[in-house]
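Visitor: Sequence:
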Amino acid sequence: MSRRAMRLALFDLDDTLLDGDITGYWNEWLIEQGWIPDAAEYRRTWDRHMADYAAGTLDMEAHLTFLLAPLAGREVQEVAEQVEVFLDSRIMPRLFPGGLAQVAWHREQGHTTVVISASTAQLVVPLARRLGCDAALATALEEQAGRYTGQAHGTRTFKEGKLHALREWLGETQPAETWGYSDSRNDLPLLEAVERPHAIHPDPVLAGIARERGWAMPTWR
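Take 908 as the starting number for the sequence shown in the numbering used here and just add one per residue.
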């Protein structure tokens, strides 16, 4: 299928395809590996950030600085090896069967499937590859001399940033048909931009909007 005739399905990851938050699981993994020395303080900060996320008030720059600090100075290859073991152990068993079936259905129809997530690329890209998706759009990590700096770079794939990243990826291509799947009020800009929005296990704000607008609300649990 040519890009001009593209039919595009966009999937959020956390609490949409995945039962939980991939970054939260990754944090716990890093604590177990000894990469985060003060586990109690890290968990307290994470909980505050997740409360802000749920309220739609998360400061993404502060959040990224916090999240990426444990990777500063780590070799990119070392992190990648940890990610593969982590995905096998903690993430693949937690993917919703209904979400996997929906990805598979789109692929069978010849649609272009993209995971688009506010979580960071070192986690999202290899997972999307495992799902057989055509692309993954996620916040990239800055590298220098084969090591992570602890900083992000490029478009932050959060709220309206997901739309910016998608437009950058599409270029001049205008898909013939679009689907979107997410659980979060933070993805309202993305869901409003597609022709077939789906609210998956939606938070209360998104659930109210979905009911008002007649959006599909399937459960994948």
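Treat the hints with care, since some could be wrong.
[Unchecked claim] Mimicking SDA-like on lysine to any residue, the simulated pairs with C-alpha atoms at most 20 Å apart in a straight line are:
#1 Lys1066 to Gly1115
#2 Lys1066 to Val990
#3 Lys1066 to Ala1011
#4 Lys1066 to Asp928
#5 Lys1066 to Trp1086
#6 Lys1066 to Met913
#7 Lys1066 to Glu935
#8 Lys1066 to Pro1004
#9 Lys1066 to Leu937
#10 Lys1066 to Arg1014
#11 Lys1066 to Ile943
#12 Lys1066 to Glu1015
#13 Lys1066 to Ala1114
#14 Lys1066 to Leu1095
#15 Lys1066 to Pro977
[As the list claims (entries may be wrong)] Label pairs and their computed distance ranges (CB to CB):
#16 Ala912 to Glu985: 35 to 43 Å
#17 Arg914 to Arg951: 41 to 49 Å
#18 Glu1050 to Val992: 28 to 36 Å
#19 Gly941 to Glu968: 26 to 34 Å
#20 Glu1079 to Phe973: 31 to 39 Å
#21 Glu1067 to Arg914: 18 to 26 Å
#22 Asp959 to Met1124: 22 to 30 Å
#23 Glu985 to Glu1015: 18 to 26 Å
#24 Ala1042 to Glu991: 14 to 22 Å
#25 Ala969 to Gly941: 40 to 48 Å
#26 Glu982 to Pro1125: 26 to 34 Å
#27 Gly931 to Ala1008: 19 to 27 Å
Hints listed in this document are in silico derivations from the structure and should not be mistaken for laboratory results. For every residue, glycine included, the Cβ atom is placed at its ideal position computed from N, Cα and C.
Visitor: The structure should be examined with respect to each hint, and the outcome stated for every one.
Guide: Cross-check of the supplied hints:
For a cut-off of 20 Å, the pair hint linking Lys1066 to Gly1115 stands: about 18 Å separates their Cα positions. This hinted pair does not check out: Lys1066 and Val990 have alpha carbons roughly 25 Å apart, beyond 20 Å. Restraint check: the Cα-Cα separation between Lys1066 and Ala1011 comes to about 26 Å, which exceeds 20 Å; the hinted pair is violated. For the given pair, Lys1066 sits about 16 Å from Asp928 by alpha-carbon distance, which is consistent with the 20 Å threshold.
A C-alpha spacing of about 17 Å is found between Lys1066 and Trp1086, which places the hinted pair at or below 20 Å, so the restraint holds. This hinted pair does not check out: Lys1066 and Met913 have alpha carbons roughly 24 Å apart, beyond 20 Å. For the suggested pair Lys1066 and Glu935, the alpha carbons sit about 25 Å apart, so the restraint of at most 20 Å is broken. Between Lys1066 and Pro1004, the direct Cα distance comes to roughly 26 Å. Violation of the 20 Å bound is thereby established for this hinted pair.
Distance hint between Lys1066 and Leu937 is unfulfilled; the C-alpha atoms sit about 27 Å from each other, more than 20 Å. Between Lys1066 and Arg1014 the alpha-carbon distance is near 26 Å, which puts this suggested pair outside the 20 Å criterion. For the given pair, Lys1066 sits about 28 Å from Ile943 by alpha-carbon distance, which is inconsistent with the 20 Å threshold. A distance of roughly 29 Å separates the Cα atoms of Lys1066 and Glu1015; the hinted pair therefore is violated under the 20 Å criterion.
Between the alpha carbons of Lys1066 and Ala1114 the distance comes to roughly 17 Å, so the proposed pair stays at or under 20 Å and holds. At most 20 Å may separate the alpha-carbon atoms for a hinted pair to count; Lys1066 and Leu1095 meet this at roughly 7 Å. A hinted pair counts as satisfied when its Cα atoms are at most 20 Å apart, and Lys1066 with Pro977 does not qualify at roughly 25 Å. In this structure, Ala912 and Glu985 meet the distance hint of 35 to 43 Å, their C-beta atoms being roughly 42 Å apart.
Between Arg914 and Arg951, the C-beta spacing of about 44 Å keeps the proposed range 41 to 49 Å intact. The hint said 28 to 36 Å for the Cβ distance between Glu1050 and Val992, and at roughly 21 Å that hint is violated. Taking 26 to 34 Å as the suggested C-beta distance range, the pair Gly941 and Glu968 conforms, at roughly 27 Å. In this structure the supplied range 31 to 39 Å holds for Glu1079 paired with Phe973, their Cβ-Cβ distance being about 37 Å.
Hint check: Glu1067 to Arg914, Cβ distance near 24 Å, so the stated range 18 to 26 Å holds. A C-beta distance of roughly 25 Å is found between Asp959 and Met1124, which places it inside the suggested range of 22 to 30 Å. At roughly 37 Å, the beta-carbon separation of Glu985 and Glu1015 lies outside the given 18 to 26 Å, and the hint is violated. Between Ala1042 and Glu991 the beta carbons are some 19 Å apart, a value that agrees with the proposed interval 14 to 22 Å.
Look at Ala969 against Gly941: about 25 Å separates their beta carbons, and that is not inside 40 to 48 Å. Glu982 and Pro1125 have their C-beta atoms about 41 Å apart, which leaves the hinted 26 to 34 Å range violated. A hinted range of 19 to 27 Å for the beta carbons of Gly931 and Ala1008 is consistent with their spacing of about 24 Å.
In this structure, the earlier hints numbered 2, 3, 6, 7, 8, 9, 10, 11, 12, 15, 18, 23, 25, 26 are contradicted, and the remaining ones agree with it.
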